[in-house]
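Chemist: Residue numbers (my numbering), protein chains in the order written: chain A, 1 to 118; chain B, 1 to 409.
If you are wondering where the hints come from, they were derived from the structure by calculation, not from laboratory data. Source: prediction; values computed, not measured. Cβ coordinates follow ideal geometry from the N, Cα and C atoms, glycine included. Fair warning: there could be bad hints in the mix.
[Stated by the list, open to error] Simulated restraints on C-beta separations: (1) Q266/B / A47/A: 55 to 61 Å; (2) R72/B / S106/A: 22 to 28 Å; (3) S106/A / H362/B: 45 to 51 Å.
[Unchecked claim] Taking beta-carbon pairs under 8 Å as the criterion, some of the chain A residues facing chain B (in silico): (4) A31; (5) K37; (6) S39; (7) N85; (8) D88; (9) L89; (10) D91; (11) I93; (12) Q94.
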Amino acid sequence: MRYLCLIYENEKSYATMPKEQSDAVMADYGAFTQGIKDSGHYVGGNALQPTPAATTLRVRNGKVSTTDGPFAETKEQLGGYYLINAKDLNDAIQVASRIPSAKSGSIEVRPIQEFGDA
Amino acid sequence: MRERIDEIYRADSRRVLATLIRLLGDFDLAEEALHDAFMAALERWPNEGLPRNPRAWLVSAGRFKAIDRVRRRANFDAAVSRFAEDKDRTTPASLDVEDEDVPDDRLRLLFTCCHPALSPDAQIALTLREVCGLTTEEVAHAFLTPPPTIAQRIVRAKAKIRDARIPYEIPSRADLPARLDSVLHVTYLVFNEGYLASSGSTLTRPDLSREAVRLARLTLELLPDPEVMGLLALMLLHESRRAARATSEGELILLDDQDRCLWNRQQIAEGIALVERALTSRRVGPYSLQAAIAAVHAEAPNAAATDWRQIVALYDVLLRVDPSPVIELNRAAAVAMRDGAAAGLALIDGLLERGELTTYLHAHSARADLLRRLGRVSEAIAAYERAARLATQEPERRFLARRLSALRT
Numbered sequence: 001m002r003y004l005c006l007i008y009e010n011e012k013s014y015a016t017m018p019k020e021q022s023d024a025v026m027a028d029y030g031a032f033t034q035g036i037k038d039s040g041h042y043v044g045g046n047a048l049q050p051t052p053a054a055t056t057l058r059v060r061n062g063k064v065s066t067t068d069g070p071f072a073e074t075k076e077q078l079g080g081y082y083l084i085n086a087k088d089l090n091d092a093i094q095v096a097s098r099i100p101s102a103k104s105g106s107i108e109v110r111p112i113q114e115f116g117d118a
Numbered sequence: 001m002r003e004r005i006d007e008i009y010r011a012d013s014r015r016v017l018a019t020l021i022r023l024l025g026d027f028d029l030a031e032e033a034l035h036d037a038f039m040a041a042l043e044r045w046p047n048e049g050l051p052r053n054p055r056a057w058l059v060s061a062g063r064f065k066a067i068d069r070v071r072r073r074a075n076f077d078a079a080v081s082r083f084a085e086d087k088d089r090t091t092p093a094s095l096d097v098e099d100e101d102v103p104d105d106r107l108r109l110l111f112t113c114c115h116p117a118l119s120p121d122a123q124i125a126l127t128l129r130e131v132c133g134l135t136t137e138e139v140a141h142a143f144l145t146p147p148p149t150i151a152q153r154i155v156r157a158k159a160k161i162r163d164a165r166i167p168y169e170i171p172s173r174a175d176l177p178a179r180l181d182s183v184l185h186v187t188y189l190v191f192n193e194g195y196l197a198s199s200g201s202t203l204t205r206p207d208l209s210r211e212a213v214r215l216a217r218l219t220l221e222l223l224p225d226p227e228v229m230g231l232l233a234l235m236l237l238h239e240s241r242r243a244a245r246a247t248s249e250g251e252l253i254l255l256d257d258q259d260r261c262l263w264n265r266q267q268i269a270e271g272i273a274l275v276e277r278a279l280t281s282r283r284v285g286p287y288s289l290q291a292a293i294a295a296v297h298a299e300a301p302n303a304a305a306t307d308w309r310q311i312v313a314l315y316d317v318l319l320r321v322d323p324s325p326v327i328e329l330n331r332a333a334a335v336a337m338r339d340g341a342a343a344g345l346a347l348i349d350g351l352l353e354r355g356e357l358t359t360y361l362h363a364h365s366a367r368a369d370l371l372r373r374l375g376r377v378s379e380a381i382a383a384y385e386r387a388a389r390l391a392t393q394e395p396e397r398r399f400l401a402r403r404l405s406a407l408r409t
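Start from the sequences and build out the full structure, keeping to the hints where you can.
Modeler: So this is what it looks like as structure tokens:
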């Protein structure tokens with residue numbers, strides 16, 4: 001089954017982080033990503049630019065309206081994601097628990113709703 | 001080769017996992033190692049050919065991969081890095097796995113999952129996932145629980161096994177009877193959940209019963225104890241009636257009214273053979289005795305030909321071995337068949353007067369049935385009404401409603 005692991009973290013702490021520390025985080029992520037590629041869990045994943053780069057849009061009565069920023073102000077922001085293949089939820093939790101940001105932020109694990117081919 | 005590897009995965013992955021858990025002492029690491037081992041097999045076997053002993057190859061590969069992984073992760077988790085140091089001191093030659101160890105490892109795993117320090121809920125969830133190989137989602141579906149709840153239960157149980165240093169072993173001879181009890185109990189709970197679902201709109205969940213039968217076969221293969229035989233026999237004999245237990249509309253059919261042509265003869269034959277083996281041992285326990293009772297029913301060509309004398313005699317022994325009010329109730333029903341409804345009714349009334357089973361549905365429905373047979377209609381109606389109030393399952397409730405409306409007309 002496929003699971004989406006959403007990585008939530010306080011993006012402000014990243015903006016103020018010393019360079020050697022952010023290098024270490026990047027190295028951890030590099031190792032983690034290689035690890036789940038080797039184990040066959042990896043399907044895809046990306047880091048996201050900070051929330052000021054976000055645009056939220058809605059279509060109401062056929063008209064598009066857009067606003068800057070994410071849908072909701074939160075203490076932790078969505079900063080990236082992995083899409084993984086796992087045997088089951090426990091397996092997915094095991095993988096997600098090793099995402100480096102799990103130690104500082106939180107990871108939401110959600111099963112992908114699979115629709116049949118028919 | 002791909003197909004061959006898939007086949008090996010289906011047949012052997014649980015055994016390899018059990019051994020890896022023993023060698024690595026960590027459920028999660030062992031699961032990853034199992035995964036890595038099969039990835040390695042997919043890579044190498046197509047070129048190098050099937051190894052002489054695929055299972056031992058997988059265990060060795062998994063173990064090496066786990067050591068690699070732990071080294072890479074060494075600063076991630078201090079506890080695991082200690083393990084890596086230990087393993088550094090082990091020479092590669094000693095990593096060879098004796099295939100004879102493997103069956104024992106599955107039994108160790110079963111005993112670990114059923115450790116009395118874990119709650120019964122956790123025991124069942126862990127057993128189904130680790131020993132039977134069901135996914136978390138399948139376990140959750142079976143128990144009508146959201147997957148995150150089950151996942152949490154499994155994660156906690158594994159943490160408890162690790163933190164409390166629950167040993168990964170078959171208990172010593174002295175502890176064995178008590179611990180085997182909980183393994184058999186979990187197996188029987190899984191079976192019963194599949195045979196008579198505790199709530200909900202459907203009567204049974206056949207997949208769970210099949211898993212329980214498989215679990216008992218595994219236990220028996222590894223530990224030929226008479227009570228294991230007895231439990232497997234009991235489940236097979238119950239299972240043999242599955243097709244006859246309900247109408248196509250899902251309505252309950254009682255044992256007496258079942259079409260015995262629908263009983264599965266193969267399961268009955270296997271069950272009876274197991275009961276006979278269990279009874280020739282000198283240690284006869286409650287599962288074997290219940291199986292023996294089920295076997296007497298199975299041997300009768302029709303309900304009227306049932307040997308009630310033998311059934312009552314078996315209940316007498318069962319009451320000495322494992323006294324309980326429910327068994328007394330079942331014995332009373334058998335006495336009613338042997339000596340007449342009035343004799344059975346006196347016994348059930350005695351039980352209810354002792355204050356036992358007053359909230360037990362089957363005590364009231366059995367009593368109602370005897371009153372009905374004695375022609376004491378208004379008392380029978382009252383007893384059926386009482387039973388209906390206690391029913392939690394739709395088919396049971398409808399069955400009692402049918403009995404009630406038949407009496408009222």
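Chemist: It remains to establish, for every hint, whether it holds in the given structure.
Modeler: For each hint, the structure was consulted:
no.	hint	in the structure
1	Q266/B / A47/A: 55 to 61 Å	holds, 59 Å
2	R72/B / S106/A: 22 to 28 Å	holds, 24 Å
3	S106/A / H362/B: 45 to 51 Å	holds, 49 Å
4	A31	holds, 7 Å
5	K37	violated, 11 Å
6	S39	holds, 6 Å
7	N85	violated, 11 Å
8	D88	holds, 3 Å
9	L89	holds, 4 Å
10	D91	holds, 7 Å
11	I93	holds, 6 Å
12	Q94	holds, 5 Å
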